[in-house]
Amino acid sequence: MKEHAAEEAEKMLAEHVFFRDLDPAIIKMLSSSARSVSFDAGEPIYREGNEADRFFLIETGRVAIQVFVTGRGSVTVYTVGPGDILGWSWFYSPYRRRFDATALEKTRAVMLEGAFLRERAEEDPRLGYELLKRFSLVAVNRLQDMTLQLLDLYGRHL
Amino acid sequence: MPEHSYTVMEPVLYSIERRKRETRDTFTLELVREDGGAPMRFWPGQFNMLYMFGVGEVPISISGDPLDEAKIVHTIRSYGSVTHKMAELRRGDVIGVRGPFGRPWPLDELEGGDVVLAAGGIGLAPLRPVIYSILGRRQRFGDIALIYGERTPSDILFRTLLEQWRGRFDMKIEVTVDSAREGWRGSVGVVTTLIPGLRLDAERTRALICGPQIMMTHTIRALKDKGLTEERIHVSTERNMKCGEGICGHCQLGTVLVCRDGPVFRLSEIGTLLGKREL
Ligand SMILES: Cc1cc2nc3c(=O)[nH]c(=O)nc-3n(C[C@H](O)[C@H](O)[C@H](O)COP(=O)(O)OP(=O)(O)OC[C@H]3O[C@@H](n4cnc5c(N)ncnc54)[C@H](O)[C@@H]3O)c2cc1C
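Line order of the protein sequences matches chains V and H. Heads up, the working numbering is the position in the first sequence plus 986, with the first residue counted as 1. Heads up, the working numbering is the position in the second sequence plus 3, with the first residue counted as 1.
Among these hints, one or two may not hold up.
Claimed, not checked - Derived DEER-like restraints, expressed as beta-carbon distance ranges:
1) S182/H with R1082/V: 23 to 29 Å
2) T163/H with G1057/V: 28 to 34 Å
3) Q1130/V with G189/H: 17 to 23 Å
Said to hold, decoys possible - Simulated pairs of lysine to any residue, SDA-like, Cα-Cα distance not exceeding 20 Å:
4) K1092/V with W187/H
5) K988/V with A1038/V
6) K1092/V with I176/H
Hints were generated in silico from the structure; no laboratory data involved. Note that the coordinates shown come from a computational prediction; the quantities given were computed from them, not determined experimentally. Glycine residues also receive a C-beta, built at the ideal position from the N, C-alpha and C atoms.
Same shape as in the complex, but just chain V:
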């Protein structure tokens, strides 16, 4: 992981769809922990079981979310790309990664400190609720997408 200049992270955060219509004061608070980072193709971003204390807003590139299966290796269950959020385990106890994440291409992202956000959310329930709504939506959408994948949509033509 390479880190880049801080100003870029602030700008990207303000423009990201995930934070659309969020109170500018909150955006400012978030930016204080934001850093612009990049990963090379094939670089691991985190591993299942690791402590989950950060998350990423993908700017460019693509990341595979994987499960390691003994005898089969890493199975990609989903990929995320520009505009997507990577990682939400930092928001829910026990704050451990549920999956592996590996950059498939050169990827740029904004990294935010989840542990810091959690503390702010504990202090300010309005902020906490706002974040909960947004992150739950990410989790719900992923669940729905993965349910569709299980349906074998293209298996038959009718």
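Dock chain H with the ligand against the given chain V, drawing on the hints supplied.
Coordinates of chain H with the ligand only, in the frame set by chain V:
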């Protein structure tokens, strides 16, 4: 649209000039007329009834280039009694062909705007002639994007062609699969996951969707979330067919007959019918 000046109930004999294996269960047949005559003219989105003598007849879309004056091309996924037998066809074998049938994709309406083509599985085959047509007069269109979802990487159709098109840089091509073994470096997730990432201007974009009904339902929802109205969404529907001419009624979808009024519909024409469970 070409008029049918002959009786379409009578099959014309075509022989297999080339058979190409696409994937484990899908193959492409290039057909030429037995009598040496020129093959039919067609519009992208139209289909033929292909007749395997002694076995049965099935509706199959035309997947080739409308400007190809030598042959007519079909891409077929093997499902049941007739298509399993078709999978055994070899060069020189003869089949009966009736058609072309059906209402095509609205190519004229696409001109001057952006186009999103969304394909699921074998649904890529009926969209391929649209892409040939667009690329044949590329300057008349704005941004073109093809999003295509398949089961696994080995089920992906027209691989070489997709790579060629991607290499043109005047068309966005995104392929995603439901599941992949190690080694696949592309996207994983159903085709709808590609839609939020499309930068599209709802006022000047039209979407053409072809795939299984459930894939179309979810794709439509995601496109509507992007602001596309039902006027700007076109779908190709499928029903069991027999005559292909609006006579037998096998392919009825509510108040319309898919073979005669479709298979391509503007969503605003059939919107509420598409997702109905009892149809
Ligand atoms: C307008 C139209 C265009 C089509 N284009 C293509 C194409 O380009 N490539 C392709 O591979 N397939 C296409 N199909 C689907 C193809 O017609 C069916 O897969 C085929 O009819 C199945 O016949 P079968 O005898 O092999 O299977 P069967 O043993 O008859 O049935 C196997 C399965 O296919 C379904 N089925 C049967 N007949 C039809 C039918 N007429 N239409 C849809 N599903 C049916 C059955 O419900 C069953 O689930 C198209 C269908 C329509 C209506």
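Against the structure, the hints:
A hinted range of 23 to 29 Å holds for the C-beta pair S182/H and R1082/V, which are about 25 Å apart. At roughly 33 Å, the beta carbons of T163/H and G1057/V sit within the given window of 28 to 34 Å. Judged by the Cβ atoms, the range 17 to 23 Å given for Q1130/V and G189/H holds: they are separated by roughly 21 Å. Distance restraint check for K1092/V and W187/H: the Cα-Cα separation of roughly 16 Å lies within the 20 Å cut-off, and the hinted pair is therefore satisfied.
At roughly 19 Å between alpha-carbon atoms, K988/V and A1038/V fall within 20 Å of each other, so this suggested pair holds. Our distance criterion of 20 Å between C-alpha atoms is met by K1092/V and I176/H, whose separation comes to about 19 Å.
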